[in-house]
Amino acid sequence: MTAAVSTEVGTELPALSVRLKRDDLVRYAGASLDFNPIHWNEKTAKEVGLPDVIAHGMLTMAVASRIVAEWIGDPGAIVEYGCRFGRPVVVPNDDEGALVEVTAKVTKDFEDGTVKVNINAAFDGKSVLTGAFARVRVS
Amino acid sequence: MPLDPAFIGRSYPPSQPYDVSREKIREFAEAIGATSPAYRDAEAAKALGHRDVIAPPTFAIVVSMKTNETVMFDPEIELDYSRVVHGDQNFTHHRPITAGDQLVCVAHIDSITSRMGNDMVVVRTEISTVGGEPVTTAKSMLVVRGEDA
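So the sequences go chain by chain: R and A. Quick note on UniProt numbering: the first sequence kicks off at 1 and runs consecutively. Quick note on UniProt numbering: the second sequence kicks off at 1 and runs consecutively.
If you are wondering where the hints come from, they were derived from the structure by calculation, not from laboratory data. Every residue gets a Cβ at the ideal spot worked out from N, C-alpha and C, and that includes glycine. Worth double-checking, as some hints may not be accurate.
Unchecked claim - Not everything, but these chain A residues come out facing chain R in the computed CB check (under 7 Å):
| no. | residue |
| --- | --- |
| 1 | I32 |
| 2 | S36 |
| 3 | A44 |
| 4 | L48 |
| 5 | H50 |
| 6 | D80 |
| 7 | V84 |
| 8 | N90 |
As the list claims (entries may be wrong) - Covered stretches of chain R (chain A as the covering partner; in silico rule of three or more C-beta atoms under 8 Å from a C-beta of chain A):
| no. | stretch |
| --- | --- |
| 9 | 20-30 |
| 10 | 70-77 |
| 11 | 83-93 |
| 12 | 102-114 |
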């Protein structure tokens, strides 16, 4: 398989903006079976010292994976994906929710048919996933 | 009290097999807003060379979370679950998780370190088919926040 898009080092992927609202968190809780109440219950979130309900780190990570999957076409080309959970995405109980802005760039050619894509996911102007990257098979 | 590093290298018995279904993959893909046809349409997935619909790269957490919990609730380790935060996550896919797979997880404690009053536990879950084909290696770092941290 050869990628239909440019995968040269330095290529910037089409940016992605995703708005996460409370119902998205509930839906992800159900789909992932992660029912930790800090992701849907304000009272619990505040009791553990959070400003409000926060998105699952794994939801932010999953949403950020879309930038690579939608760019490369075959999500099966993502052979490795990792990140640290640097900051929480705080999701208020309103119609706006939280806006997560995802950008990504090809940063390295491993010369074994795979490239490294560095991913940045920002909320409120700050990066929420630290060191997020994917290794993607391109040929 | 810091966690005992003697638990490094500990392994757990294999999990019950997890049956990967097209419907669960579709539900997960919808929950993350993913649009790739390979997650929803078996014909589209086959056109890309897959046996059936494939799962998004982070779907493996659904399969491996129970084994993380086995470690978190291991009575011998005495880990304070209420202080556990997910520090980082990495998935290495030997091949995509595919509908129809029957997957078994084996968890290992790869490392335990302490820094500034927090304990960091790296749990590696090897996900393979019931036939023994390696599918995904999932590594989770669990941070146990210290009482003063």
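Now the hints, each set against the structure:
For A:I32, the interface hint holds, the least distance from its beta-carbon to any beta-carbon of chain R being 4 Å, beneath 7 Å. Using the Cβ-Cβ criterion of 7 Å, the hint placing A:S36 at the interface with chain R is satisfied: the shortest such distance is roughly 5 Å. For A:A44, the interface hint is violated, since its Cβ never comes within 7 Å of a Cβ in chain R; the closest pair sits about 10 Å apart. Among the interface hints, the one on A:L48 holds; its C-beta lies about 5 Å from the nearest C-beta in chain R, closer than the 7 Å criterion.
Given hint, A:H50 at the interface with chain R, holds; its Cβ is 6 Å from that chain's nearest Cβ, closer than 7 Å. Look at A:D80: its Cβ only gets to about 13 Å from chain R, farther than 7 Å, so that hint breaks. For A:V84, the interface hint is violated, the least distance from its beta-carbon to any beta-carbon of chain R being 10 Å, above 7 Å. Because the beta carbon of A:N90 sits about 3 Å from the nearest beta carbon in chain R, less than 7 Å, this interface hint is met.
With 4 residues having a Cβ less than 8 Å from any Cβ of chain A, the stretch 20-30 of chain R passes the three-residue criterion, so the hint holds. Only when three residues or more bring their CB closer than 8 Å to a CB of chain A does the claim for the stretch 70-77 of chain R stand; here the count is 5, and the claim holds. Check on the stretch 83-93 of chain R: 3 of its residues sit with their Cβ under 8 Å from a Cβ of chain A, so the three-residue criterion for coverage holds. Only residues whose beta carbon comes within less than 8 Å of a beta carbon in chain A count, and the stretch 102-114 of chain R has 0; fewer than three means the coverage is violated.
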